[in-house]
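*Asks:* Please work from the sequences and hints to get the whole structure.
Here is what each chain is made of, one letter per residue.
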Amino acid sequence: MKSLTRVNQVNNKPMARKNSIASVFLLASLAFNVSAQNSGQTNTGESPLFRGEQLLMTGSYAAATDIFQMADGLDRNEGLVGASKAFAMMGNYQEAMSVVESAIEMDEYARFPLLSTQLAEVKRAVGESKEALVVLESVVAGLAEPPVRTLVQYGSLLDFVGQKQIAFSILDQAVQRYNNGLVFASEDVAMVALASWLMGNFHDANSLFNEATRANPNNLEAHSLWADLFLEKYNASDAERSYQEALDINGRYVPALVGMANVVGDERALQRALAVNPNSVPAMETYGQLLMLNGREEEAQEYFERVLALNPESLKTLSVLASSAALEERIAEYEGYLAQVESFSPNNPVFLGNVADSFGNNYLFDQAVEFARAAIAADSQYWQGYTLLGSNLIRLGEEEEGKRNLEIGYENDPFNVMTSNMLKVFDTLETYRTQESEHFKVHMSENDADILWPYLEPLLEESWDTLTAKYGYEPEGPILIEVFEKSEDFAVRSVGLPDIGPLVGICFGKVITLISPDTLSANWQEIVWHEFMHVITLQMTGNRMPRWLSEGISVYEEREGRPYWGRSQGLDLVRAAEQDKLLHVADLNSGFSGAQNSADLGFAYFQSYLVVDFIADEYGFEKLVELVDQYALIKDEEERFDEVFDQSLGQFDTAFRNWIDRRVAEINVYVHTEDVPDEGDGHGHGVRENSSAILAELYNNASLKQHMRARIEENDRDFQAYLQLGIVLFKEESFFEAKQYLNQAYELLPSYTGYPSPPLVLSQIYEQEGNRDAQLQQLELLLENLQHDYASAIILAEAALEENNFERAGYYIDRAIQVDPYRSDVHQLKANYAETIGDSQLAVTEYEVLLKLEINDPAEAQTNLAEAYLNNGQALQAKENILRALETAPSYQRAQRILLQSIDGDSD
Amino acid sequence: MKIMNRLVKTFAAGMAVVLAGAASAQGGANSGENDFFLDRAESTKYAVILAGPTVGDENQSKFRQWAFSLHDILARDYGYNSDTISLLYDRGEVEGAGNQRIDAACDLEGIQAELNRLQSVVKTGDQITIYLIGHGSGTEEESKFNIVGPDITGLQFAGMLDVFDQQDMVIVNTTSASYGFSAPLSSEGRVVVSSTRSSSEKFDPVFSNYFIEALDNRNGDRDKNNRVSILEAFNYAKSSVEEFYEEQGRLSSEHAGLDDNGDSLFSLNPTTAEIDGRLAEIAYIDNLVDDTAGLSAEGLLLKSRMQDLERSVFILRGRKVEFLEEDYWQQMEELLVDLARATGQFNEVVNPGESSEQ
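In order, the protein sequence lines correspond to chains W and B.
Each residue of the first sequence is one higher than the one before, counting from 2 in the numbering used here.
Each residue of the second sequence is one higher than the one before, counting from 25 in the numbering used here.
In short, the hints are calculated from the structure, not lab data.
Bear in mind the structure is a predicted one, so any value in this text is a computation, not a measurement.
Glycine included, each C-beta is placed from N, C-alpha and C at the ideal position.
Hints should not be assumed to be uniformly reliable.
Said to hold, decoys possible - What follows is a list of derived Cβ distance ranges for each label pair:
no., chain 1, residue 1, chain 2, residue 2, range
1, B, D101, W, T467, 48 to 58 Å
2, B, D101, W, G478, 50 to 60 Å
3, W, E770, B, E166, 53 to 63 Å
4, W, D774, B, D101, 33 to 43 Å
5, B, Q180, W, E431, 48 to 58 Å
6, W, E268, B, Q84, 32 to 42 Å
7, B, L324, W, G874, 32 to 42 Å
8, B, D101, W, D466, 53 to 63 Å
Stated by the list, open to error - The calculated lysine to aspartate or glutamate pairs, modelled on DMTMM-like cross-linking and capped at a C-alpha distance of 25 Å, are:
no., chain 1, residue 1, chain 2, residue 2
9, W, K487, W, E477
10, W, K131, W, E102
11, W, K853, B, E266
12, W, K471, W, D614
13, W, K853, B, E350
14, W, K706, W, E733
15, W, K732, B, E82
16, W, K853, B, E82
17, W, K853, B, E271
18, B, K344, W, E881
19, W, K131, W, E106
20, W, K511, W, D367
21, W, K425, W, E447
22, W, K425, B, E270
23, W, K487, B, E267
To be verified - Computed footprint of chain W on chain B, listed as stretches where at least three residues anywhere in the stretch have a Cβ under 8 Å from a Cβ of chain W:
no., stretch
24, 246–255
25, 332–341
26, 344–357
*Replies:* This is the structure in structure tokens:
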């Protein structure tokens, strides 16, 4: 499958044309440009039209309006169009209209096609589509050969107002004119590109935009429209490049600034756009959407109101407002917006598609599916509708129907990157195996099915039993889980695009997507538990949970699941409290949507968890469940808190702050401003590295020691200073002193979960001293708080097995498997453990896994498995496996003995 | 722990035919291979380790460890001695311990002298295995093995080896860019292993490390006959290299290949069922040891029965594709059960009352 990408070759032209004639005219056109440019450099008497165009191109819009209006004679009309464009670029739409309208005599639009077309474009921009239509219709009807721009603008407007059939015939006229070799100017080629795009000929559009920008690299409109096309197809990188090319020429080109903001979420680009054009509808719409994403609805609303005042036909804004109304079940309001759209653009599929998308983005997939179906019903050639329908069906677990719709979308719009990506994941899934347990259906690779499933299955069912009982709610099942080996597949399946940031698992209510633990260095069991908790809270509320509460509860339940799971970010909490960085409870969602980096996102999870912990601690767990139930109802946030806690959101937040203050006082450590927060992958699910401590090894020891001693002198509860000093002393092999500082660090903050931690360094000291008991003791302390350490768990498990402490051995073996179930040493250890305690079934499981993991000695692995089967009374399986071992190694006597025993057992 | 040998010195004349047949069966009944690697007890196996010079402490230490480990493992576990193993190392000496292992410098003169010496001692049917450790460079026929002084090309080296046309030869080239150097060494009846598959794989491979690991403690012995063939060592090293890069989360910069049919085309996945692999499977690194001396007539009979059954297993395995799955396993089971019982009886005869467990 190909994505819509740039074409660079001249021979990629989409349609046949008279090359030789075109070349002549193109050369003439280029010659004109060169001549004009040359005259601009050498002739001080350059024309106002030329100067105006230069000023317009470089973003000097105010000056351009003046200069353009100085054009006279044959240049007059073009000058007025230029002035109108410059006025429009600054948001002065009235002037933009009047400057051209005043020159159109007697409303005879056909006599002034360029002026009229410009007038119509501005009218459309301010929501006067009917008037614009009259103007364009008049030009097209009145001229045998209307300008290409007029045809395309007319066709586009007809399409917008729902007259698709006529629109296509008009647009086709522009395309045919190009095919007949009569379109040469870059600006007109870009218009033909737009016509092709509107008619669904995306490949042609791509080639034509390429041609237009090559013909005139300064054609800002072509660059920006081309970028818009890329953006529509979710090809962000090419979109960004095209917008940037426009901005390199004119950093004040508003359409490119807004486009760039859409691609990279750059708020500054929007601010620049609004500084240039305070009335830019696209800029305000984008700003409004960004604010909504950050939970700043009131500010967003102001922007949307301004947009509608400027352009009551703004489809995007009306879609956003309608979506918001529909999401909150304000039906009459939604219908009002719908009627408003119907009045100027009947049966508009994009409006319905946008609403579907909003529902999907808010995890309300059932409703998203309904709206996507309605969009397709409105226009069966609205291909994005099929993508929306397909992707949302998938999130409901309706894979077959979802795939069918994606295929329709792809067949007709193969350049939509999201569609093709999602279909590619189906190709991956076809190679996957499906495993089922009582409440779950899991798609996973063959490798994961063999190795992970034996441990995943009991964990899933345990999570179901524990959490459904605790919350008194049984979700609708079976829950579909998809475990992807490639993070790109995980990302595409989750959001349609291959980059999803640091996330490792996503829950959609009935569907969970996960990254395979094979690609993680984190505790996969905690992640599974966390995601399943989302299933419960999402389904309890009809997927109406706010993200902060859903994440907060999932993190809270991590710790409830296993005492060493969850997050103890004491240092981060103290730091956030000191720096007053804790968000108001009402703003917790913005911690997620506005996170600038992994640390921000990790803290958003942590603070959300703290609020949940606060509720359970202060008001009782049942109040937490009551709060969740509140989100099943559509009501004001204040009302929910009032209902559950009998207090306002502000009062609740104050109580939370007081509780935090007490927590901070209990932690009672000092956080120095020079230390940076620990950072880790997987938004808190992975190891969190203490970069200050790691960097400590790079510093000059003497000066660092001196500095850390001074810090301790300054504040004797400076945890990091003790830790770093201990590390440096350990490095110097001053073990006695190192132990003192590390022990003090541990006593200050025993729950510290970063890496390296005091127990880790202490364990290494004791190892070097040959004090195995003390080493093991420290590793034990380490694993009380750090859940991602495989090696320590193995050491402790081996030690426990040596001591015949089987309960302890089993515990630490399990801890190692939680981190990495793909290493053979842990399974060999568990197999030995199983044999020692006489658990033949467990031994079989482990040898089955070991056979999958073995690469160098399959005969031995098969022999071990056969023996385990034999010991477990499975003579037939034993025989099957031992025959395979002996096929490779016929003279292997241990295997021969097992073969004879299995035959005896088989005959029994 | 006794090793079951398939050859009885006293029966050499008669059994050689059987063994050749067995080898052929393992190799898929390819009659063309019968003259090579017959693995006779009376033949001698020679090993030549060429470890070229290097720069940088890390590489120097790595190559030295590989060369010396290989030397020690061959001497310790595979029946080689100072007469049958030669180490040509860098400039011919090292700091500290280890000098006694080194026979000469790894330069053109040293290599030629060693090959001349070998030529003077080898007999028809002897086996020579040459291990190349160090750096390689260049592309295609210009590929070189870096030695002290002027480097040597594959074509040059192939010319120097031409004199050994009556001996079985194995060349294990573990250097970077080894492919271009190894291709000209290909010849009928010769097993050539290259740690890289193309001249573009120029980084120092880790293949050597795992090839030596395969020999150490006979880790590579997949068929549990207590011997390591070149094919087994190759497969062990290849899968270990893959695992190494996977664990590192890196794309593999080396892909080893093996050629044993003389076509200069290296197979990445040689097996007995493929074009390459049949000869490598019967090219054993160790010297055959006769362990049948003193057996009773019953013992010799049982031993012969075991060898027949083992040979039948090899033949059946080689014809697996010709059978229905069920029929194949039924016949295989019968053979394997018979073999297991015969082995048990043999053990009872040889060591009455002792456990037959290996």
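*Asks:* All hints, please: hold or fail.
*Replies:* Structure-based check of all given hints:
Taking the beta carbon of each, D101(B) and T467(W) are about 54 Å apart, inside 48 to 58 Å as hinted. Between D101(B) and G478(W) the Cβ separation comes to about 58 Å, which falls inside the hinted range of 50 to 60 Å. For E770(W) and E166(B), the hinted distance range of 53 to 63 Å is satisfied, since their beta carbons lie about 56 Å from each other. One distance hint, 33 to 43 Å for the beta-carbon pair D774(W) and D101(B), holds here, with the actual separation near 38 Å.
For the hinted restraint 48 to 58 Å between Q180(B) and E431(W), the CB-CB distance of approximately 52 Å keeps it satisfied. Distance hint check: the CB atoms of E268(W) and Q84(B) are about 56 Å apart, inconsistent with the given range 32 to 42 Å. Separated by about 40 Å at the C-beta atoms, L324(B) and G874(W) satisfy the suggested range of 32 to 42 Å. One distance hint, 53 to 63 Å for the beta-carbon pair D101(B) and D466(W), holds here, with the actual separation near 54 Å.
With a C-alpha separation of about 28 Å, the suggested pair K487(W) and E477(W) falls outside the 25 Å cut-off, and the hint is violated. In summary, the hint linking K131(W) to E102(W) is supported, as the alpha carbons are separated by about 16 Å, within the 25 Å threshold. For the given pair, K853(W) sits about 15 Å from E266(B) by alpha-carbon distance, which is consistent with the 25 Å threshold. Taken as a hint, the K471(W) and D614(W) pair is honoured in the structure, with Cα atoms around 16 Å apart against an allowance of 25 Å.
For the suggested pair K853(W) and E350(B), the alpha carbons sit about 24 Å apart, so the restraint of at most 25 Å is met. The suggested pairing of K706(W) with E733(W) holds, with an alpha-carbon distance near 11 Å, which does not exceed 25 Å. Of the supplied pair hints, the one linking K732(W) and E82(B) holds, its CA atoms being roughly 23 Å apart against a limit of 25 Å. Distance hint between K853(W) and E82(B) is unfulfilled; the C-alpha atoms sit about 35 Å from each other, more than 25 Å.
Of the supplied pair hints, the one linking K853(W) and E271(B) holds, its CA atoms being roughly 16 Å apart against a limit of 25 Å. A distance of roughly 16 Å separates the Cα atoms of K344(B) and E881(W); the hinted pair therefore holds under the 25 Å criterion. With a C-alpha separation of about 20 Å, the suggested pair K131(W) and E106(W) falls inside the 25 Å cut-off, and the hint holds. Distance restraint check for K511(W) and D367(W): the Cα-Cα separation of roughly 11 Å lies within the 25 Å cut-off, and the hinted pair is therefore satisfied.
For the suggested pair K425(W) and E447(W), the alpha carbons sit about 18 Å apart, so the restraint of at most 25 Å is met. Straight-line distance between C-alpha atoms of K425(W) and E270(B) comes to about 24 Å, which keeps the hinted pair within the 25 Å bound. Restraint check: the Cα-Cα separation between K487(W) and E267(B) comes to about 17 Å, which is no more than 25 Å; the hinted pair holds. Interface restraint, the stretch 246–255 of chain B with chain W: holds (4 residues with C-beta to C-beta distance below 8 Å; minimum three).
Here's how the stretch 332–341 of chain B fares: 5 of its residues keep a CB closer than 8 Å to some CB of chain W, so the rule of at least three is met and the hint holds. Only when three residues or more bring their CB closer than 8 Å to a CB of chain W does the claim for the stretch 344–357 of chain B stand; here the count is 3, and the claim holds.
Hint compliance for this structure: hints 6, 9 and 16 are not met, and every other hint is.
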